[in-house]
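J.: Chains A and B supply the protein sequences, listed in that same order. In terms of the working numbering, the first sequence has 84 at position 84, counting the first letter as 1, and numbering is strictly consecutive. In terms of the working numbering, the second sequence has 1042 at position 42, counting the first letter as 1, and numbering is strictly consecutive.
Hints are supplied without guarantee of correctness; some may be wrong.
[As the list claims (entries may be wrong)] Covered stretches of chain A (in silico footprint by chain B; criterion: 3 or more residues with CB under 8 angstroms from a CB of chain B, positions within the stretch not fixed):
| id | segment |
| --- | --- |
| 1 | 38 to 45 |
| 2 | 102 to 111 |
[To be verified] So the derived list for chain B, only partly shown, Cβ under 10 angstroms to chain A, looks like this:
| id | residue |
| --- | --- |
| 3 | V1004 |
| 4 | F1033 |
| 5 | G1042 |
| 6 | L1045 |
| 7 | T1076 |
| 8 | E1083 |
| 9 | V1089 |
| 10 | F1091 |
| 11 | Q1103 |
Note that these hints are calculated values from the structure, not bench results. These numbers come from a predicted model, not from an experiment. Glycine included, every Cβ here is placed at the ideal spot set by N, Cα and C.
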Amino acid sequence: GQQLNQSPQSMFIQEGEDVSMNCTSSSIFNTWLWYKQDPGEGPVLLIALYKAGELTSNGRLTAQFGITRKDSFLNISASIPSDVGIYFCAGRGISGGGADGLTFGKGTHLIIQP
Amino acid sequence: DAGVIQSPRHEVTEMGQEVTLRCKPISGHNSLFWYRQTMMRGLELLIYFNNNVPIDDSGMPEDRFSAKMPNASFSTLKIQPSEPRDSAVYFCASSLGGTQETQYFGPGTRLLVL
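Can you make the complete structure from the sequences, with help from the hints?
T.: Right, dumping it as structure tokens:
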């Protein structure tokens, strides 16, 4: 099946710093999604990307759909304590239309020190 | 919108018992997904439905797992008999479907099999 490599696995940063994480795939994806999961909750969608090269922002978050269609990046600017959580990338490959399931990365654990 | 509703939120049972997890998708969504999350394996897609019909159940671990969607507003995931290795968080997600879907997750059911 499709594999997603998400890095880094964890990040320990100071409040106010910028954060960068990325996902790479061995195959082409036509959709990239970034989710955040707080402790005890389900993942919540942050940003959705549908076109190669697309750059989309949501407040302090910016995500890009890589030109090769095999990678995506998520940046968080000026981190704050509530940014703490697990960030997941998810992709959907080119396997036809319909409600295909997503492939998820293993997640990036973000820990912020005040 | 109430979002995806899952019940129970927590379940503790003994090995060998039957476990039934329930999900109510967002009204109007025609695709429903069941995921399992563990520390070791991350988020794994178990099965998904489109218009109440199971499309892909290749992620279902074994015959002890079964899922049904009798109507557009209800789905169940059943484990019979349960085993300790089934302990995980089980998420249900729903989406509008189509080629550019966004999945919305429920809060999850935390299952512990003793």
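J.: Does each hint fit the structure? Answer for all of them.
T.: Cross-check of the supplied hints:
1. 38 to 45: Check passed, 6 qualifying residues.
2. 102 to 111: n = 6 at 8 angstroms, threshold three: holds.
3. V1004: 8 angstroms, holds
4. F1033: 6 angstroms, holds
5. G1042: Hint on G1042/B: holds, closest Cβ of chain A at ~4 angstroms, below 10 angstroms.
6. L1045: Hint holds; L1045/B Cβ to chain A Cβ min 4 angstroms, cut 10 angstroms.
7. T1076: 18 angstroms, violated
8. E1083: 24 angstroms, violated
9. V1089: 9 angstroms, holds
10. F1091: Status holds, d = 5 angstroms.
11. Q1103: 6 angstroms, holds
Figure legend: structure checked against the earlier numbered hints; hints not met, in rising order: 7 and 8.
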